[in-house]
Structure formats: structure tokens, C-alpha cells
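Chemist: The chain contents come next:
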Amino acid sequence: MMDYKQIQDLIKLVSKSELSEIRLKDGDFELTIRNKNYVKGSNAIASSVIAAPAVMPQVASAPVPAPASVSAPAAKADIEIAKKDEAKTDANLVEVRSPIVGTFYRSPSPDKPAFVQVGDSISIGSVVCIVEAMKLFNEIESEVSGKIVKVLVEEASPVEYDQVLFLVDPAG
Amino acid sequence: MFKKVLIANRGEIALRVIRTCKEMGIKTVAVYSTADKDSLHVRFADEAVCIGPPSSAESYLSITKIMAAVEITNADAIHPGYGFLSENADFAEVCEEYGIKFIGPTASMIKRMGDKITAKETMVAAKVPVVPGSDGQVKTVKEGLKIAQKIGYPVILKATAGGGGKGMRIVKNEEEFEEQLDKAQMEAAASFGNDAMYLEKFVEEPRHVEIQIIGDQFGKVIHLSERDCSIQRRHQKLVEEAPSPFLDQKLREKMGRAAIKAGKAIKYEGVGTVEFLVDKHKKFYFMEMNTRIQVEHPVTEEVIHIDLIKEQIKVAAGEKLSGKSYYPTMHAIECRINAEDPYHNFRPNPGHIHSFHSPKGHGVRVDTHVYAGYSVPPYYDSMIAKLICKAETREECIKKMQRALDEFIVEGIKTTIPFHKQLMKDEKFLSGDVTTKFLEDFDLKPQ
Chain A
1 MMDYKQIQDL
11 IKLVSKSELS
21 EIRLKDGDFE
31 LTIRNKNYVK
41 GSNAIASSVI
51 AAPAVMPQVA
61 SAPVPAPASV
71 SAPAAKADIE
81 IAKKDEAKTD
91 ANLVEVRSPI
101 VGTFYRSPSP
111 DKPAFVQVGD
121 SISIGSVVCI
131 VEAMKLFNEI
141 ESEVSGKIVK
151 VLVEEASPVE
161 YDQVLFLVDP
171 AG
Chain B
173 MFKKVLIANR
183 GEIALRVIRT
193 CKEMGIKTVA
203 VYSTADKDSL
213 HVRFADEAVC
223 IGPPSSAESY
233 LSITKIMAAV
243 EITNADAIHP
253 GYGFLSENAD
263 FAEVCEEYGI
273 KFIGPTASMI
283 KRMGDKITAK
293 ETMVAAKVPV
303 VPGSDGQVKT
313 VKEGLKIAQK
323 IGYPVILKAT
333 AGGGGKGMRI
343 VKNEEEFEEQ
353 LDKAQMEAAA
363 SFGNDAMYLE
373 KFVEEPRHVE
383 IQIIGDQFGK
393 VIHLSERDCS
403 IQRRHQKLVE
413 EAPSPFLDQK
423 LREKMGRAAI
433 KAGKAIKYEG
443 VGTVEFLVDK
453 HKKFYFMEMN
463 TRIQVEHPVT
473 EEVIHIDLIK
483 EQIKVAAGEK
493 LSGKSYYPTM
503 HAIECRINAE
513 DPYHNFRPNP
523 GHIHSFHSPK
533 GHGVRVDTHV
543 YAGYSVPPYY
553 DSMIAKLICK
563 AETREECIKK
573 MQRALDEFIV
583 EGIKTTIPFH
593 KQLMKDEKFL
603 SGDVTTKFLE
613 DFDLKPQ
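Here the protein sequences come in this chain order: A and B. Residue numbers 1 to 172, in this note's numbering, belong to the letters of the first sequence in order. Residue numbers 173 to 619, in this note's numbering, belong to the letters of the second sequence in order.
In short, the hints are calculated from the structure, not lab data. Cβ coordinates follow ideal geometry from the N, Cα and C atoms, glycine included. Check the hints yourself; a few may be wrong.
[As the list claims (entries may be wrong)] Pair by pair, the computed Cβ-Cβ distance ranges are:
1) A:94 to B:271: 36 to 42 Å
2) A:109 to B:489: 52 to 58 Å
3) B:478 to A:109: 50 to 56 Å
4) A:138 to B:293: 41 to 47 Å
5) A:94 to B:311: 58 to 64 Å
[To be verified] Keeping only pairs whose Cα atoms sit at most 30 Å apart, straight-line, the calculated DSS-like set for lysine-lysine is:
6) B:176 to A:135
7) B:288 to B:452
8) B:492 to B:194
9) B:452 to B:571
10) B:175 to B:492
11) B:299 to B:409
12) A:135 to B:600
13) B:209 to B:273
14) A:135 to B:209
15) B:433 to A:135
16) B:355 to B:433
17) B:199 to A:135
18) B:175 to B:600
19) B:273 to B:194
20) B:314 to B:273
21) B:283 to B:299
22) B:209 to A:150
23) A:135 to B:299
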């Protein structure tokens with residue numbers, strides 16, 4: 001199993017090199033690193049790993065406990081390690097931001113249900129929450145329509161101007 | 173003492189306050205508009221709250237947003253800095269209602285000194301010399317002519333709600349009185365929505381000399397001597413110095429006593445500045461009072477060894493002044509460095525600063541919020557730094573300022589540094605013979 005520093009070194013390597021992807025497998029441990037040259041679904045990947053022998057010595061210098069899998073390029077690289085893919089999927093979502101400073105509440109009052117839950121559909125003008133400031137309860141209306149995917153703020157916590165409150169899928 | 177202070181301001185003054193609070197063990201909250209998210213004051217404060225979009229009206233001038241920020245951070249005091257809401261009586265009142273200490277005077281003190289006619293009346297009652305003029309508003313041309321006749325031409329018409337040099341007209345003689353009154357009123361109505369005018373004797377070639385005062389909550393008022401701010405362009409100060417090259421100790425003490433009388437007349441609390449006009453006969457007249465910390469406060473700090481922000485916070489927290497007044501023991505000069513092009517009528521020049529090297533060394537102080545890589549936003553005032561030098565004598569101080577200006581590198585935007593460099597070599601300035609007319613005859617030479 002590689003340690004964190006070794007993975008960091010590998011990442012630096014990939015980003016500086018002409019390689020678009022490296023995949024490693026060692027027993028249960030699998031690691032895939034891609035940089036911006038990576039083209040999804042390209043079959044050239046496996047071959048470019050083979051075809052770039054210049055990389056091998058460098059990789060070897062960041063000691064990999066199972067060098068056999070790297071120098072045996074025929075090894076089928078499989079799936080990537082669980083990486084947080086949030087950044088990729090979040091790109092399609094629209095943010096609902098706070099237009100004022102105050103305290104965020106999900107329901108009109110403590111005994112009533114929340115204005116919206118994850119999965120609810122909203123339209124333009126739907127009240128999604130309350131932001132309270134100086135005893136004034138301001139209903140925040142959505143400027144987009146779609147489905148609530150995420151609630152980013154905890155009940156009764158402070159929010160500032162422009163802070164993201166909800167993520168909405170406009171296609172939902 | 174306060175536990176947490178929210179600074180309702182930005183730029184160099186916000187940094188200034190944050191630094192002193194840190195030294196005093198007080199936690200700080202910065203508020204900022206989205207245009208200021210990379211600003212130093214945001215980074216140096218313990219907490220920061222984004223309160224609005226770039227426009228001042230929707231951020232730094234928004235009482236509700238600032239109070240909301242106070243609420244969610246549990247600050248127990250607000251420092252308003254200068255400009256923005258610092259002399260807004262409504263803001264001070266809202267703070268009072270919410271039990272948050274406004275670090276400054278009370279709302280009623282601000283109101284009294286904010287209205288120029290009321291301020292003058294208060295001074296007359298306190299026997300502080302004022303520029304002779306109308307007792308209040310001039311309502312008709314006939315009334316105005318009569319008063320002007322009595323006090324003698326030239327006279328100046330001023331808007332009671334005025335500021336920044338607007339709504340003012342000089343009247344040289346009886347013949348042009350009505351015409352100038354009309355023009356002044358139109359400008360006042362357009363700029364302030366209020367065309368009420370008052371009349372004063374026009375003090376010729378005056379010096380602008382202001383006295384720094386501090387008042388505590390127990391009726392004590394002290395002074396910290398003067399600053400000479402005669403170098404102004406369109407009524408905006410560019411250079412300030414202490415002591416004034418024109419004052420002798422006798423006049424200094426006289427003006428100091430008058431300033432204390434002014435403060436006591438309204439039981440003033442906090443730091444404040446009483447501005448006077450001084451004519452060539454060494455007669456001085458009350459002009460106005462600023463009920464806040466001023467941009468040029470470092471000049472006094474350097475010649476009197478004092479932290480004015482600290483004193484301001486201490487009196488706000490209820491500490492007592494000793495009652496002693498202070499006199500300068502050194503000489504200091506401040507140059508305001510603005511993001512403006514002095515070769516094109518000082519037009520504002522916001523933009524990206526890619527190189528920034530501020531002067532350092534013995535006797536050099538730079539108060540700035542700017543750094544290499546910072547973008548000066550176009551939404552706010554153009555001042556990017558204050559360069560303050562201090563030395564034993566005025567002559568040495570000027571030499572130090574020349575040296576410091578030569579070291580000051582700002583690349584990416586135009587600044588007023590070339591203007592200050594030329595000014596610090598100007599014969600008239602070197603001789604100390606400077607009145608508020610000085611810049612009218614000043615010719616900026618190409619580099």
C-alpha cells in the first residue's frame with residue numbers, strides 16, 4: 001500500500017509529464033491518477049502507459065511496493081479508488097445564495113415543517129428558507145426552478161451575504 | 173473592556189483598528205463587500221462577514237446589514253472608522269437602541285456638530301471665535317446684502333447641508349451677490365437636496381489648522397495640539413503636518429483652549445477634531461468639528477507618542493482621562509498616496525498592482541491595506557497608502573520624506589507619488605509659507 005507522500009509524488013509526476021493517466025493495482029489497492037490531457041473513453045490510455053518507458057524509472061524512484069504491476073503494463077488497470085467526485089457532479093447544479101446577512105432557518109417556525117427538503121421540486125419564487133436579522137424574518141425566494149439536491153447550511157446557523165444555501169438541479 | 177469589536181469600515185483604517193484591538197486583546201470582526209474579499213482587513217481580523225455586493229450603499233453604508241453582522245458574531249462594540257457611517261447619527265442611535273457600544277460620540281453630539289448652522293450657534297454660545305457672518309440661514313437677498321455690508325466683502329455663501337466644497341460661492345462685491353446666491357443654491361439643491369444657505373466673511377489666504385481633542389464620559393476634554401492641513405486640492409487634503417509652521421506656542425495654547433471649550437460645550441465623548449481657519453494676522457476662527465477619528469491622525473500620533481485608536485477605545489469603555497493636554501515634541505508630515513493620475517487632473521486610477529515596495533527605515537511609517545498582487549477596486553475612495561515621516565526638525569522631516577518617496581515603488585497603477593516628490597522640493601513648501609491657496613499656483617512638471 002502506498003503512503004500519502006508517495007501518492008503525492010505520483011500526482012506531481014503525472015501533472016508534469018505528458019502522460020494523461022497512470023493506474024496502479026496492488027492487491028485490493030487500486031489507484032488512478034489523471035491529468036488534464038486525459039480524454040475520457042480513449043483507448044490510447046493503456047498503450048500510452050506502455051509506450052512511455054521514460055516514466056518508469058521515475059515512478060520506480062517513488063518506491064512502489066509492487067513494481068511488478070507498473071512494469072507489467074499489460075496488467076489491466078481497473079477502477080479508480082473512491083475519490084470524491086463532488087466537484088464533477090456539482091458543476092451542473094445551480095446555487096441558491098443568501099442575499100442578506102443573518103441566521104438561517106429551514107421552517108417558518110420551530111413547530112412547522114421545513115419549507116423544502118432534499119428531493120423537493122421548486123419553482124422561481126418558491127420560498128426556500130428564512131434568514132432572520134434583527135428580529136426581522138426574511139423569506140428567501142428561489143431565483144431558479146428545479147429539484148433541491150443539497151442543503152448546505154445547518155439549522156439556526158449564521159450566514160453571510162452571497163453564502164451558498166442550497167444546490168438545485170435545474171434539470172430535475 | 174470590550175470583548176469583540178466589529179469594524180464597520182474597510183481599507184487602511186479597518187486594518188489600523190484591527191491592529192490596535194489585537195494589541196489590546198480584543199477580538200475583531202471585519203465586514204466586507206464581495207469586491208473586498210481579498211482585502212487585508214478581512215484576513216487580519218479574527219472573523220469576517222460578507223455583507224453585500226460592491227456598491228457602498230448596499231454594504232458599508234447599510235445599517236441593517238452591519239447590525240445583522242453584529243448579531244451573528246455577538247460583537248459588543250462597533251468602530252465606525254472615518255467616512256461611511258462614522259458621522260451618521262441614525263447609525264449611532266441604532267447602536268444605542270441595540271445595546272452595542274458605538275465607539276465615538278452619542279447620536280445627539282453628532283447631530284449638533286453635523287449641522288453647520290447649529291454647530292456655529294453652539295460655538296458662539298461657548299465663546300469660541302467664529303467667522304463673522306449670518307446668524308443662521310440667509311432667507312432673502314435683501315437680508316444677505318445687509319449682513320454682507322456689515323461684515324465687509326469679500327464674503328462666502330455656504331450650504332448648511334454642505335460638504336466637499338459644494339454649494340459654496342465667493343462674493344467679491346455687492347453687485348454680484350444675487351447671481352452668486354442663485355448659483356450656490358442651485359448647486360446645493362442638486363448635491364444635498366437642501367438649498368438653505370448661510371453667509372460668512374471670506375477669510376483670505378487662510379491656513380487650515382485643526383486641533384485634535386479627546387473627551388471622556390465624565391466631562392473631561394483635553395487637546396493634543398494641531399495639525400496643519402493647508403495643502404488641499406478641491407477641499408480634499410493631500411498633505412498634513414504637525415506642528416504647524418505658522419503657529420507659535422502662545423497661539424497653540426490659545427487654540428487648544430478654544431478647542432477644549434468647543435468640546436466641553438457639547439460634553440463631547442470620544443476623539444474629535446476642531447477645525448479652524450487662521451488668517452495672516454494670527455486670528456483664528458472656528459470652521460467645523462469632525463466627530464470621528466480622522467485620516468491624518470497618525471501625524472499627531474508620531475509627534476506625541478500616543479495611540480489614538482487605543483485612547484478612543486479606552487474612553488468608549490468608560491476610562492477616565494487624566495486631564496493633561498499634549499504638545500508636540502517632534503515634527504511629522506503625512507503624504508496621502510492616492511490611486512490617481514496627477515498628470516491627468518488627478519483622475520482615479522483603480523487597477524491591479526503588480527509591484528509594491530513601501531519605504532522603511534528610521535522615522536518612516538506607512539499605513540496601507542495594499543500589497544503586490546492586490547487589485548484596487550473602483551467602487552471606493554482612491555487612497556491606497558499614507559506615508560508619514562517624523563524627525564526632530566521640519567527640515568530633517570522633509571529630507572526623510574524625500575528619501576522615502578524615492579523608495580516608494582507602485583507599479584500597475586498611477587499614483588500621486590510624483591506629485592508629492594515635486595511638492596517636497598518646492599521652495600514655498602520648504603519655507604513653510606503655505607496657505608489653502610497653495611495648490612492653485614502649483615504647477616506639476618512632467619517627470
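Chemist: Please go over all the hints and tell whether each is borne out by the structure.
Modeler: Each hint, compared with the structure:
| no. | hint | result |
| --- | --- | --- |
| 1 | A:94 to B:271: 36 to 42 Å | holds, 40 Å |
| 2 | A:109 to B:489: 52 to 58 Å | violated, 39 Å |
| 3 | B:478 to A:109: 50 to 56 Å | holds, 53 Å |
| 4 | A:138 to B:293: 41 to 47 Å | holds, 43 Å |
| 5 | A:94 to B:311: 58 to 64 Å | holds, 59 Å |
| 6 | B:176 to A:135 | holds, 21 Å |
| 7 | B:288 to B:452 | holds, 24 Å |
| 8 | B:492 to B:194 | holds, 22 Å |
| 9 | B:452 to B:571 | holds, 27 Å |
| 10 | B:175 to B:492 | holds, 19 Å |
| 11 | B:299 to B:409 | holds, 28 Å |
| 12 | A:135 to B:600 | violated, 59 Å |
| 13 | B:209 to B:273 | holds, 26 Å |
| 14 | A:135 to B:209 | holds, 27 Å |
| 15 | B:433 to A:135 | violated, 42 Å |
| 16 | B:355 to B:433 | violated, 36 Å |
| 17 | B:199 to A:135 | holds, 25 Å |
| 18 | B:175 to B:600 | violated, 49 Å |
| 19 | B:273 to B:194 | holds, 18 Å |
| 20 | B:314 to B:273 | violated, 48 Å |
| 21 | B:283 to B:299 | holds, 20 Å |
| 22 | B:209 to A:150 | holds, 25 Å |
| 23 | A:135 to B:299 | violated, 46 Å |
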